[in-house]
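J.: Sequence:
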Amino acid sequence: MCKTRIQEEIEALMSLYHLGKAPLSYALGFGEVTITRYLQGSTPHPDYAQVIHNALCDIDYMMGLVNKNHEKMGPAFKKAINRCLTLKSQFSCSKEILQVISYLFYTLEELTPMQLESYLYFIQAYSYPQPLFHEHCEAWKQGVIYPDVYHLFSTFPFRVQDDMRYKIIEDAYLDLDENKKEYIDEILNTFSRYPLKTLITLTKTGPWKNNYKEGEITIIPAEDIQNYFKRH
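Start counting the sequence shown at 1; every next residue gets the next number (UniProt numbering).
By construction, these hints were calculated from the structure, which means they are not laboratory data.
Here the structure is a predicted model, which is why all the values come from computation and not from measurement.
Please note that the accuracy of each hint is not assured.
[Unchecked claim] Calculated cross-link-like contacts (lysine-lysine; reagent style PhoX-like; alpha-carbon spacing at most 20 angstroms):
{"#": "1", "residue 1": "K21", "residue 2": "K79"}
{"#": "2", "residue 1": "K213", "residue 2": "K141"}
{"#": "3", "residue 1": "K197", "residue 2": "K181"}
{"#": "4", "residue 1": "K209", "residue 2": "K230"}
{"#": "5", "residue 1": "K95", "residue 2": "K167"}
Whole structure, please, built from the sequences with the hints as guidance.
T.: Laid out in structure tokens, this is it:
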């Protein structure tokens with residue numbers, strides 16, 4: 001029997017925050033057996049379904065619920081709050097770049113780490129002076145790297161969707177407006193046809209070349225990127 005979306009979201013929350021059914025119910029502000037009933041097939045009220053979805057997609061939202069309902073949670077509170085802090089430190093990127101990353105995985109399904117970094121670079125570069133996100137990138141030996149993105153996904157398996165943490169950003173692209181999606185599609189139509197080696201070579205022009213120093217990690221100034229891509 002196929003699981004419902006709400007059952008999948010509940011199981012993801014239990015896995016992500018290391019909580020059993022009753023502690024998760026309390027954390028979300030529900031009755032003790034509410035989560036158990038949903039896992040058994042009961043249909044939640046839309047308001048309760050929204051709470052579950054928000055808790056899965058927003059670490060800060062989940063942390064707020066855990067803190068609010070800590071007295072009911074007992075010993076499970078410490079475990080849950082520690083997981084909140086761990087996940088928050090891992091997902092230190094802005095919501096704007098996570099929305100773009102979510103859309104890239106939604107559109108392309110599978111990406112190598114350097115494909116992801118390269119696409120992000122071109123998406124940001126061609127969107128100046130109003131970039132879709134403001135994360136800085138760095139000139140590494142292997143190419144242009146967004147360090148927070150690199151460190152996050154270096155802890156994921158090769159197929160990112162196989163990691164339960166992917167559920168946190170899976171639907172983030174839904175908050176992108178249509179103009180931004182169309183813009184990203186244009187970038188992908190241009191660059192996704194290139195093999196990875198060519199893609200990386202393209203990132204190592206101009207700004208990367210002018211800032212890369214062997215044995216060092218240097219930030220590529222936004223002005224360098226903006227000025228270069230005005231001309232190219």
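J.: Indicate, hint by hint, whether the structure satisfies it.
T.: Cross-check of the supplied hints:
1. For the hint linking K21 to K79, the alpha-carbon distance of about 14 angstroms falls within 20 angstroms, and the restraint holds.
2. Taken as a hint, the K213 and K141 pair is honoured in the structure, with Cα atoms around 8 angstroms apart against an allowance of 20 angstroms.
3. A threshold of 20 angstroms between alpha carbons decides the hint, and for K197 with K181 the separation of about 26 angstroms lies outside it, so the pair is violated.
4. This hinted pair checks out: K209 and K230 have alpha carbons roughly 17 angstroms apart, not beyond 20 angstroms.
5. Between K95 and K167, the direct Cα distance comes to roughly 14 angstroms. Compliance with the 20 angstroms bound is thereby established for this hinted pair.
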